[in-house]
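Participant: Here the protein sequences come in this chain order: A and B.
With the first letter of the first sequence counted as 1, position 178 gets the number 177 in numbering that gives the first Met the number 0; the numbers rise by one all the way through.
With the first letter of the second sequence counted as 1, position 178 gets the number 177 in numbering that gives the first Met the number 0; the numbers rise by one all the way through.
Some clues are possibly wrong.
Stated by the list, open to error - Computed footprint of chain A on chain B, listed as stretches where at least three residues anywhere in the stretch have a Cβ under 8 Å from a Cβ of chain A:
hint	region
1	18 to 32
2	71 to 77
3	80 to 90
4	94 to 102
5	170 to 183
6	193 to 200
7	208 to 221
Calculated from the structure, these hints are not laboratory results.
Glycine included, each C-beta is placed from N, C-alpha and C at the ideal position.
What follows is each chain in one-letter form.
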Amino acid sequence: MTITLLQGILLALVGFLLGIDQCTEAFSWFRPLVVSFFAGAVLGNVQVGLQSGAVAELAYLGLLTVGGTVPPDSLMAGMMTTVLAYSNASLTPEAALGLSLPFAMLAQWWGVICNTMFAMFNAPADKCCANADYKGLTKLMALATFIRCFGIALIVFLSAYAIQGPIQTLVNQFPAWLIHGFTVAGNLLPGVGLALLMRVMLRKENIVFLFIGFLMKSYISMGNVLPVAALAACIAVISYSLDKRMESANAAAGNGGNDNGGI
Amino acid sequence: MAVSRNKLTRKDIDKMSMRSLTEQLAFSFERMQAIGFCENMGPALKKIYGDNKEELAKAMQNNIDFINTEPHMATMLQGLVLSMEEKGANRSLILNIKNALFGPLAGLGDAIFWFTCLPINAAISCSLASQGNVFGPILYMIVGVVLALTRIWFGRLGYNLGAGAVEKIQSNAVAITKAAGILGVMVVGALIPSYVSLAFPEDLKLFSTVSVQGIFDSIMPNILPLGFVFLLYWLLNKKNANAVTLIFGIIIVSILLSLLGIL
């Protein structure tokens with residue numbers, strides 16, 4: 000399906016507005032699930048947006064901007080997965096996810112450029128502080144946000160609207176095995192997000208809980224993972240209160256204060 | 000000469016916490032969140048110092064240095080800084096406490112918000128979205144707003160605990176991080192069979208009689224996705240593989256295996 004000029008402009012607007020949330024990381028609305036939902040709504044096909052959002056969200060789960068690193072752009076991944084799945088009938092959302100990667104990397108580079116460029120704002124910021132002018136800082140923040148989000152909107156417009164013809168021509172020439180290959184990859188990519196989370200959270204002492212979660216979902220029929228999350232929350236509370244009790248027992252025994260929670 | 004300082008009300012702190020939603024704007028690689036961190040405290044600092052521009056400038060200049068922490072934790076630090084400014088604490092003490100805390104707090108905030116709350120929210124919302132339910136992304140957005148509003152609590156916590164916040168947080172951090180780890184890891188375990196799918200085609204048979212997939216299924220359902228995620232984890236953790244390299248690798252290998260008819 001062809002994307003109209005109006006739709007292209009509206010997609011760019013979605014990119015701009017959710018891009019503000021990407022800068023602040025305040026509401027998590029820049030994540031693929033939300034971006035794809037709005038993109039699907041603009042394109043008049045919410046279902047494509049929901050399916051695309053779900054696969055892209057999980058693939059980018061562990062790819063978070065943590066500690067100042069800049070990963071492939073999750074906003075653009077959600078946007079382009081939806082756009083590609085909508086405008087190319089042969090692409091499932093899973094296959095579109097793989098093809099959205101070059102666009103996500105393009106937006107990633109824009110993010111790196113902005114983070115480098117905005118170092119120039121430090122000298123004027125120092126001046127504002129010396130003048131006790133916090134409103135001057137507000138203006139710098141607004142300007143930086145506008146520049147960055149305008150860039151995102153432009154990338155969205157060009158990728159979704161301006162070059163849709165060449166992309167469709169290219170995708171139409173894909174043989175069946177290539178599209179199937181992208182679908183297989185799309186089914187595997189959420190594994191990267193999960194493995195990244197494991198790298199942060201997995202410890203010898205908690206690996207058994209990973210298997211409990213895995214076995215529950217594999218052997219018990221449940222609509223979503225909410226039951227596992229609820230049970231996990233109960234276990235977490237038990238663990239916390241046991242640790243606290245152990246700590247106060249240690250303190251009472253006169254050797255507290257130097258251990259790591261009594262393991 | 001003593002500087003006169005006005006008292007802040009709870010409303011002032013809450014306003015600062017809401018303003019703190021923009022803490023990360025004008026982020027740059029050089030001083031990271033410095034501009035936003037300083038700007039958010041502007042109105043409250045102005046209230047403390049009234050027309051004393053000189054002191055206001057000094058207070059602002061004390062907070063325009065490098066800082067990089069998790070956004071919610073930034074709000075707490077801002078509350079802490081304000082309580083110390085209000086009490087007229089020594090500026091270099093304020094700076095030292097801030098610098099000592101932002102790193103460890105970033106780790107705690109990331110563990111709670113980005114590696115536990117976000118994946119669980121994503122897991123539940125994505126399972127709704129992939130069933131075609133528009134409530135999926137809507138739930139995701141609502142939870143995002145609720146998590147953002149916890150900043151009011153964090154702002155008050157930092158302000159009320161003052162410098163004592165350090166001890167209080169450090170004494171709880173180990174137990175909280177451990178409990179959050181259990182919660183997160185168990186949900187990740189349940190997400191593996193839900194969203195990573197890896198299965199050989201039914202007509203792929205050993206000696207043209209035994210179905211390859213049948214062998215794996217008879218061992219344990221979803222054993223292939225589990226093994227695949229652990230392979231990725233091993234590559235990330237032990238081989239220091241880059242996430243983007245893994246994504247490209249998965250796409251290329253999937254396409255090759257699709258071409259060969261193995262997947």
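Participant: Please flag the earlier hints that this structure goes against, numbers listed from lowest up.
Facilitator: Violated hints: 2, 3 and 4; rest satisfied.
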